[in-house]
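There are 2 protein chains.
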Amino acid sequence: MNNKLRVAIVGYGNIGRYALQAVEAAPDMELAGVIRRKGSREKESPKGLAGITVVGTINELEAVDVAIVATPTRLAPRITKEILALGINTVDSYDIHGKLYDVKKELHAVAQENGSVAIISAGWDPGTDSILRAMLEFMAPKGITDTNFGPGMSMGHTVAVKGIEGVKDALSVTMPLGSGVHRRMVYVELEQGADFGTIKKTILQDPYFVNDETHVIEVPDVEKLIDMGHGVLMERKGVSGATQNQLFKYEMRINNPALTSQVMVAAARATMKQSAGAYTMIEIPVIDFLYGEREEIIRRLV
Amino acid sequence: MNNKLRVAIVGYGNIGRYALQAVEAAPDMELAGVIRRKGSREKESPKGLAGITVVGTINELEAVDVAIVATPTRLAPRITKEILALGINTVDSYDIHGKLYDVKKELHAVAQENGSVAIISAGWDPGTDSILRAMLEFMAPKGITDTNFGPGMSMGHTVAVKGIEGVKDALSVTMPLGSGVHRRMVYVELEQGADFGTIKKTILQDPYFVNDETHVIEVPDVEKLIDMGHGVLMERKGVSGATQNQLFKYEMRINNPALTSQVMVAAARATMKQSAGAYTMIEIPVIDFLYGEREEIIRRLV
Chain A
337 MNNKLRVAIV
347 GYGNIGRYAL
357 QAVEAAPDME
367 LAGVIRRKGS
377 REKESPKGLA
387 GITVVGTINE
397 LEAVDVAIVA
407 TPTRLAPRIT
417 KEILALGINT
427 VDSYDIHGKL
437 YDVKKELHAV
447 AQENGSVAII
457 SAGWDPGTDS
467 ILRAMLEFMA
477 PKGITDTNFG
487 PGMSMGHTVA
497 VKGIEGVKDA
507 LSVTMPLGSG
517 VHRRMVYVEL
527 EQGADFGTIK
537 KTILQDPYFV
547 NDETHVIEVP
557 DVEKLIDMGH
567 GVLMERKGVS
577 GATQNQLFKY
587 EMRINNPALT
597 SQVMVAAARA
607 TMKQSAGAYT
617 MIEIPVIDFL
627 YGEREEIIRR
637 LV
Chain B
337 MNNKLRVAIV
347 GYGNIGRYAL
357 QAVEAAPDME
367 LAGVIRRKGS
377 REKESPKGLA
387 GITVVGTINE
397 LEAVDVAIVA
407 TPTRLAPRIT
417 KEILALGINT
427 VDSYDIHGKL
437 YDVKKELHAV
447 AQENGSVAII
457 SAGWDPGTDS
467 ILRAMLEFMA
477 PKGITDTNFG
487 PGMSMGHTVA
497 VKGIEGVKDA
507 LSVTMPLGSG
517 VHRRMVYVEL
527 EQGADFGTIK
537 KTILQDPYFV
547 NDETHVIEVP
557 DVEKLIDMGH
567 GVLMERKGVS
577 GATQNQLFKY
587 EMRINNPALT
597 SQVMVAAARA
607 TMKQSAGAYT
617 MIEIPVIDFL
627 YGEREEIIRR
637 LV
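Protein sequences, first through last, are from chains A and B. With my numbering, you'll find the first sequence wraps up at 638, consecutive numbering, no jumps. With my numbering, you'll find the second sequence wraps up at 638, consecutive numbering, no jumps.
Honestly, the hints are just simulated from the structure, not real lab data. The structure displayed is predicted, hence computed values, not measured ones. One should not assume that every hint holds.
[As the list claims (entries may be wrong)] Quick list of in silico lysine-lysine cross-link-like pairs, BS3-like style, CA-CA up to 30 Å:
1. B:573 / A:340
2. B:417 / B:441
3. A:573 / B:609
[Stated by the list, open to error] Some chain A residues judged to face chain B by a derived CB distance under 8 Å, without partners named:
4. 534
5. 578
6. 584
7. 616
8. 627
9. 631
[Said to hold, decoys possible] Cβ-to-Cβ under 10 Å is the rule here; a few derived chain A residues that face chain B:
10. 510
11. 579
12. 580
Just so you know, even glycine gets a beta-carbon here, dropped at the ideal spot from N, CA and C.
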């Protein structure tokens, strides 16, 4: 008998690749298959997909419990809704902070109608950073939390720039300036004949970039600049009860797509323990993301 | 109309004092009263209790929604059970890691029978540190987490020593030696005629101390040594999927009873959102500990 969770991965970009490794490392999961667009499937198959079932739609896979939606963020809500409508659970890492509540609401309705569960915005920010921000706020309800990102490659921002017409390759690096203020350094490699001025203007007007100091730089070869390391420094100074100057600091230095996809895989596990609906990570008990017996986890970690 | 959560505080030691401040600072709560033993009530009333309802049993208070059990840890399970049996929710900060699952099981039965909710071991360790340990484990499932405490005064250890016959006053300070290894420095002020050798032996055999290097020192006046600051440095180095060397660090420098009681007050709020039973903090969504509207919290913190 096999009680393993059957997981499908939608998309095989950076997140998809690392998600595959995380599913293979999870003792309670097995890969149902990878879903790729026709265009991608017709190209030469990447090494990492050797021996893996690759299909065009999730219907071609057998008995999928949960789908990890590893597409560009802007495609995620539509694809997620289609999968939820089939009664299959989903995890995405939708990362546009200002819109995620509205996406959650939309997905919630579809999930409830079809008896499925969505965990949205699962990654490290939004995601585990959100859990930490929420926790620090109830530990010291008055005060300020600063989340400083980087230096490091932002996946969402990079993908957004790559989607612009005339951009052959791109890299968006986030530089922390302190107090939660950031600079975005965007490196673009252009298609033959593309106009740098037009592309730069498009980037500067994109919701991903409008709120930060952004520099767009044309380079001949983006590939040579890519390092997927990233980091966060979160700080809160606040008041517990009537006691001032409570100090908290959280720092991480990580491979970005490896961590994002690992969190998504943990969220895939957590979908199985929720009632139908759509959830952000702060709405789910942390124990639900962990592999193992409840009693053993509590005895070991609490 | 008044929809405020009515909170009772059981005990008026360090945690009780700070819990009172945290309840007063919470916009959604009001104090029902403080419960003290007869012996304590007969002494001169502390300044902080001026104008506060002080009673001997919770039955003397009106319409209590939730009780914060701020007694010494070893009395907490019994008192908590009595309150749960009245159909009133409870929060304790039971801090003996090796026994808390068994306490939870006992309380769970009582709570389910009486339609009440207990959150046990609510504080910073066990408590918010537990949430963090659980989160870091699903972010990098393979690896080692070290929790380094201090330097700082341990409330649980101090109270345990104070409970020993012949001890007039005590202070247990935790010193971090790195890699999660600690030294306990125990300062004791003795009652007239008490035997230091016997007391030292009792301390060294106490489950609170048996696992750590412990030094017991006799001093003439413990009061002069008391500083309630404390700290934690938690570190994890682990593997996400197949990616090694993911680095995480969490540090806090805080007033110990102020933070413990603030977390207990947040947990008091969270009891109102659970179904009957007993829970540790990792079994509860972090959003439930926060004051405010769900949508507003998600839009602001996720």
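Right, here's what the structure says about each hint:
1. Between the alpha carbons of residue 573 (chain B) and residue 340 (chain A) the distance comes to roughly 27 Å, so the proposed pair stays at or under 30 Å and holds.
2. A C-alpha spacing of about 11 Å is found between residue 417 (chain B) and residue 441 (chain B), which places the hinted pair at or below 30 Å, so the restraint holds.
3. Distance restraint check for residue 573 (chain A) and residue 609 (chain B): the Cα-Cα separation of roughly 28 Å lies within the 30 Å cut-off, and the hinted pair is therefore satisfied.
4. At about 33 Å, the closest approach between the beta carbon of residue 534 (chain A) and any beta carbon in chain B exceeds 8 Å, and the interface hint on this residue is violated.
5. A least Cβ separation of about 4 Å between residue 578 (chain A) and chain B falls short of the 8 Å threshold, and the interface hint therefore holds.
6. Of the supplied interface hints, the one on residue 584 (chain A) holds, with its beta-carbon coming within about 5 Å of a beta-carbon of chain B, less than 8 Å.
7. Taken as an interface hint, residue 616 (chain A) checks out: its beta carbon lies about 5 Å from the nearest beta carbon of chain B, inside 8 Å.
8. Among the interface hints, the one on residue 627 (chain A) holds; its C-beta lies about 7 Å from the nearest C-beta in chain B, closer than the 8 Å criterion.
9. With a least beta-carbon distance of about 6 Å to chain B, the hint placing residue 631 (chain A) at the interface is held under the 8 Å criterion.
10. Annotation: interface hint on residue 510 (chain A) violated; nearest CB of chain B at approximately 18 Å, more than 10 Å.
11. Proximity of residue 579 (chain A) to chain B holds as hinted, the smallest CB-CB distance being about 4 Å (cut-off 10 Å).
12. This hint holds: residue 580 (chain A) has a C-beta 9 Å from the nearest C-beta of chain B, less than the 10 Å allowed.
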